[in-house]
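K.L.:
Go by the hints and put chain G onto chain L.
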Amino acid sequence: MLKQHTPFCLPTREDEVVPVARLHALAEQVIALGKKAGADQVKVHASVSQGLDIEVHEQAVEQVNFQRDKALSVTVYQGHKKGTISTSDWSSDHLDQLIKRAMALCAVSEHDPCQGLAPEGMVAEPRDLEAFHPWHITVEDLILTTQELERSMRCDPRIQQSEGAQAHTGVHAVLYADSMGRAYHRYSSEHSMACMPIAQDEAGALERSYAYTADRHAERLMPLEALGQLACTRAVARLGGRPIPSQKVPVVFDASDMAASFLRPFCRALGGRAQYRGESFLQGILGKSCFPQWMNINEKPWEVGDLYASWFDAEGVPTRPAPVLTQGVVNTYFLNLYAARRLNMTPTGHAGGWNRLRVSHTHPSQEALLQAIGTGLLVTEMMGGGENPITGDYSRGVSGFWVEDGAISFPVKTVTVAGNLKEAYQHLIGIADDANHLSELAVGSIATEGLTVAGV
Amino acid sequence: MLKMVQEHLLTPADLDPHVVVALASRMPAHIDWGDVYVQRIESEALSLEEGKLKNASYSLDQGAAVRINQGTHTGFAYSDDLSVNALEQAHQAALGIARSGATQCVALPARHRSVAAYAPHNPMLLPVAQKIDWMRWVDARARSVEPRLSDVQCSLRTTQEHVFFAGMDGHVAADVRPLIVVIVRVTLRVGDRCESGRASFGTRADGSVVDEILAERLVQKAIHQARTNLEAQAAPAGSYPVVLASGLPGVLLHEAVGHGLEGDFNRKGISVYSGRMGQQVTSSLCTIVDDGTVPDQSGSLNIDDEGIPGARNVLVEQGILKNYMQDRVNARLMNMPPTGNGRRESYACPPMPRMTNTYMLPGESTLEEMIASVKDGVYAVDFSGGQVDITSGDFVFSTIEAYRIQNGRITYPVKEATLIGNGPEVMNRVTMVGDTLAFDDGTGMCGKNGQSVPVGIGQPALLVSSVTFGGTEHA
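Those sequence lines, one after another, are chains L and G.
All residue numbers for the first sequence refer to this note's numbering, where the first residue is 1 and numbers rise by one.
All residue numbers for the second sequence refer to this note's numbering, where the first residue is 1 and numbers rise by one.
These are computed hints drawn from the structure, not numbers from a lab.
One or more hints might be untrue.
[Unchecked claim] Some chain L residues near chain G, calculated using beta-carbon distances under 7 Å:
1) Q63
2) N65
3) F66
4) T84
5) L117
6) G419
7) E423
8) V456
[As the list claims (entries may be wrong)] Below, simulated SDA-like cross-link-like pairs (lysine to any residue); rule was C-alpha separation at most 25 Å, straight line:
9) L:K422 <-> L:P389
10) L:K100 <-> L:D156
11) G:K3 <-> G:N122
12) L:K288 <-> L:V329
13) G:K448 <-> L:S192
14) G:K448 <-> L:E190
15) L:K248 <-> G:Y412
16) G:K322 <-> G:N428
17) L:K100 <-> G:T11
18) L:K422 <-> G:A475
19) L:K422 <-> G:G191
20) G:K54 <-> L:A104
21) L:K100 <-> G:E7
22) G:K268 <-> L:G240
23) L:K248 <-> G:V128
24) L:K248 <-> G:N422
25) L:K70 <-> G:Q92
26) G:K54 <-> L:S73
27) G:K268 <-> L:A203
28) L:K35 <-> G:A45
29) L:K35 <-> G:V128
30) L:K36 <-> L:M180
31) L:K70 <-> G:K322
32) G:K221 <-> G:G51
33) G:K322 <-> G:L437
34) L:K70 <-> G:A13
35) G:K268 <-> L:L239
36) L:K35 <-> L:Y184
37) L:K422 <-> G:S150
38) L:K70 <-> G:K221
39) L:K70 <-> L:H217
40) L:K248 <-> L:Q371
C-beta: ideal position from N, C-alpha, C; glycine also.
This is chain G alone, in the form it adopts within the complex:
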């Protein structure tokens, strides 16, 4: 990995890794932590709509950042110029604002890990002609399955990222991160009604996964969603039991629990989960994990952006709060070991605690049992995203495919709606947990403090006994 990164990132920029390592270790005695992060991101995107390949673009970005930390104080400077001179300047700038005086906190060691979550493929090598053929296949197939489509949109983005990290303690790490993201969107027009449906797939596996099987699956899913939404009726308004399908509805966990367990919020004591370590925070049926080791998932990390190996961290075990997600600085300040959750959107941003792949372990119930148990409620299958206020714990997530349940049976599709609740309250109302874990489609992006990173989410099917469903039909 190190050799590959040297070849593709450092050598072309005339940057000697030893120089980077020396710069990282050249820190005054009172500094708690310093590091240098060098990154190169290359990406190609193609998009097809109205039967034509309309957009074809390529981007290349590279740079290096120096980060100096002392106590809670972090100085950060970066440059998109990889010359030694520019790095020296960034080093000076970051150092210039570090204060004197040592802290008493000592950093605990991270766990060791040797198994990679993804291999250093280069999706940039996927031939353009092959990508275009695949997108044309999707377009033709979708139109033949559903002739009433007014349009098919298909986009395919391939990215490869090289990262080199050097820490003040001599630690050196490197990673090569491939990512392929495919999105299919169809618009269906029937009479004067028009609706869209979407299906997407993201992975760190190699390009061979972009095949006809994937195309068929995405086409069927997008068309199904458009047809369903075209028939959708007004959604209920008020508190209802909600059955969540497995997979992408795991955005519930990301918002209701995940963000509130990020180390920076808890170090500052401003999260609804602050000071609750060892307490019951969810129903005892829930075991929730943040796991950077899931093979090929977009949220996985061989190393995080602070050189710490990605890891599987149990956050909540049978309802009891066990761990927060940490970056180096907050781990040290909370006297906890780092967890491999220090992430940056790019070299131009300082790291902070972020999720990787956040999911719940399966239980013992079945989806059929859950639906049968609901007299008047909703079955939600797909979501567009969510948001949370980690201080009050209130969170939302918005459906894009959901159905009414009446007397234990799915009856009719309902329009998109936003669900709202309080994180700990809603999680304590998880009364059934399904037996089959599924992950999202691999295209989830999480935004925090202006930085966006790819994340994975997952869960088995769940029954939440009561949550506010934001429709328009109230009793």
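Okay, chain L solo, but in the shape it has when bound:
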């Protein structure tokens, strides 16, 4: 039975989330059940989360949600076949039934020699990434903080309404264990705050925007006043937005969320599965160039206190800091065990995705980058998912600002940018030194020619 400090109180210590011994005992129990049921190999993921979500609207408290989750996922392997179960119930009598079910599923699946655990000797070295920093705050105080954030958005008379302000605080424990004796765990915390003001023009038209902050340490969150101000400025700046005529112009994606969204298809194209299936728009790109020579991307999975740091991946394979792109040339794919075996390559520790990526820059600021493009479109928000991962064709709904003579001129909305990413990546103009740490891809504002705007 899962024991807790006090129900629905925010944990302040790791063992209040879940005692590590409990996680290990669960894994051992499951692995033993799997072996007893005939599995050659067993893999276990267990996790526990606790958190609190506050939502405030026009200063009234809308939601106070307590979260308390646990999850268990088990994969059993027999003769290179596999079966998986997942559940939120860790009780012994259920586990027995579930493992039997996993074995039954394993029996109907088919043999694939690339399936199975990491090889003997591939072990991850534990590192203290200082990821666990619970927020020592009461529910009442978090409500007051959220209300204060909402008030700080009202720094312009055109902000008449609010969609609200939110706060989240959560702690997690994650365990990976397998029948080859690996057992790795990690405790972490993450906290965030967001606010969504609504601006109104003289005609009564409404525009909304947002700003948010997130960190593992509550003290490192952006101060409320600055956050509210940022959201307010963004919302007001959208007033009077209009479409522009269709044309091919340089497009700048704002740091970091928009820039990261633009670059993320590149990361997905390096994914092992896309590569071994021959379905990547950057097929076989390893060792070849797809970006300008001035561009570098490095993976940094071990940055202390970082939101996107980890020393082991979802298959218990160690992560390691390494270059992803050097002078525009791709250094590595993102491989899990299966993909690595299919491609006859060494696993790279990317089961579950990539960690913190840091991208180089060419211009000191976004202003400098806008001056470099002269005329074009600065994209600050995007909608819709139009990306074809096989061909690289790209089409997204956007809003932002028209840039004339290197400066922001007027707000633009209800337009799209489209093109092919292979071209758009090759024709990057530059990247600014204004990255923030919110997206896992820490990249500054990024400019490309190679995309077409569709409007009126």
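P.N.:
Using the frame of chain L, we list chain G on its own:
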């Protein structure tokens, strides 16, 4: 239904329904609403690719949540432990943050409904061997129809959900929700070009629908889409008349109108449709409905996740705004009756207004007439999804199969593109409405505030006189 849910959900967990009911009704006098929601979700997924059954998985999740509401303030706590003790703790936690002071709002009664939208089948009983045979049939058939396929992927997921609901007013409800989702994806390689095509089907009907007729239909559709996309040329960029096929292109309604009519946004006054009840919001050719009673559709609900029967709600009638979609809290705050749109992704999430099956009623034109009337535009047949900013009303939806129309005739396929427009503006430019209503394939999922729920969409063919098509070829 109640008996079935008791047998499969409550009894195995040693949870007495009376205890749940008592907990729900044990609320202080100043509380406007409280409820307890208990749920069990069981699911099995199989997937075949490269000719092999590679993935076979099973999941089981259950839990209970207590929700307390007073004015606009909601406290919510849940537990994946169905013991009485855990429920008591959740009750305490949720109550702990409720404030004192009563509101003046009184809840209006919901409509009564007795016809079920789906029966309590158990798709989990479909034998694994039968499912695998079906997927192998799909694989073999697809490869024989199109030998140039580099791969066929087929996945089949069966889910059964049991729900038990007890409200503060003594209201008790239960539901058993089956769901089967099948997806077929093919990759076609010709020379150095490669493209994919997809076809899927989701239903709350029983497993007998997963037959050879379905397999043939999905295989043909997926292959057709892959072949079409392989030939696709650059799409136009700019404002064009667009003919939308019937069925899945109804994502237009979901984004341009649906989300903006959810009760929470309108109660807060932040939607482009706020304060517009009784006004003209679309072309008068449009009557748009949100309907949780459509038989076997994935978006249908016998009861919503607040114990209110799923219902057919007319949202827009001949262009006039008639109704918003409500959950209990927002209905009460807006002094409107609940509409059966209170949904949760699972017990671990609080309910909020969500769509069920959103569609437009048929009109009088034909698809042929619409295409013939377009001098230079696009005919869009299939979409991957969309998104909306409900405050400005701007929305997008992205094609995965579309064709150029030139001088009243379909000429060549165009690459995938995102269309963008302003909801009320675009809906006012619907100039022709087709005579045959069709629904989507039953695999639509809607995301809002981090919660994902199955939804249905539908429409007859439509002609929109002007909308921005996000291609690369501009005039």
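K.L.:
All hints, please: hold or fail.
P.N.:
Status of each hint after checking the structure:
1. Q63: It holds, given that the least Cβ distance between Q63 (chain L) and chain G is near 5 Å, below 7 Å.
2. N65: At 4 Å from the nearest chain G Cβ, N65 (chain L) passes the 7 Å test, so the hint holds.
3. F66: Since the shortest Cβ distance to chain G is 4 Å, the answer is holds.
4. T84: holds, 4 Å
5. L117: violated, 16 Å
6. G419: holds, 6 Å
7. E423: violated, 10 Å
8. V456: Holds: closest Cβ of chain G sits about 5 Å from V456 (chain L), inside 7 Å.
9. L:K422 <-> L:P389: Satisfied, since the Cα-Cα distance of roughly 11 Å is no more than 25 Å.
10. L:K100 <-> L:D156: violated, 62 Å
11. G:K3 <-> G:N122: Holds, at about 15 Å.
12. L:K288 <-> L:V329: Holds, at about 5 Å.
13. G:K448 <-> L:S192: holds, 18 Å
14. G:K448 <-> L:E190: Roughly 21 Å between the alpha carbons, so the hint for K448 (chain G) and E190 (chain L) holds.
15. L:K248 <-> G:Y412: Holds - the C-alpha atoms of Y412 (chain G) and K248 (chain L) are around 23 Å apart, at most 25 Å.
16. G:K322 <-> G:N428: OK: K322 (chain G) and N428 (chain G) at ~16 Å, within 25 Å.
17. L:K100 <-> G:T11: Satisfied, since the Cα-Cα distance of roughly 22 Å is no more than 25 Å.
18. L:K422 <-> G:A475: Cα-Cα ~23 Å, so holds.
19. L:K422 <-> G:G191: Within the cut-off at roughly 19 Å; holds.
20. G:K54 <-> L:A104: holds, 14 Å
21. L:K100 <-> G:E7: Holds: K100 (chain L) and E7 (chain G) sit about 23 Å apart, inside 25 Å.
22. G:K268 <-> L:G240: holds, 23 Å
23. L:K248 <-> G:V128: violated, 53 Å
24. L:K248 <-> G:N422: Distance of about 23 Å is within 25 Å: holds.
25. L:K70 <-> G:Q92: holds, 20 Å
26. G:K54 <-> L:S73: holds, 17 Å
27. G:K268 <-> L:A203: holds, 20 Å
28. L:K35 <-> G:A45: OK: K35 (chain L) and A45 (chain G) at ~23 Å, within 25 Å.
29. L:K35 <-> G:V128: Distance of about 23 Å is within 25 Å: holds.
30. L:K36 <-> L:M180: holds, 15 Å
31. L:K70 <-> G:K322: violated, 43 Å
32. G:K221 <-> G:G51: holds, 20 Å
33. G:K322 <-> G:L437: holds, 21 Å
34. L:K70 <-> G:A13: holds, 17 Å
35. G:K268 <-> L:L239: Roughly 20 Å between the alpha carbons, so the hint for K268 (chain G) and L239 (chain L) holds.
36. L:K35 <-> L:Y184: Roughly 20 Å separates the two Cα atoms, so the pair holds.
37. L:K422 <-> G:S150: holds, 23 Å
38. L:K70 <-> G:K221: Cα-Cα ~40 Å, so violated.
39. L:K70 <-> L:H217: holds, 23 Å
40. L:K248 <-> L:Q371: With a Cα-Cα distance of about 18 Å, the restraint between K248 (chain L) and Q371 (chain L) holds, given a limit of 25 Å.
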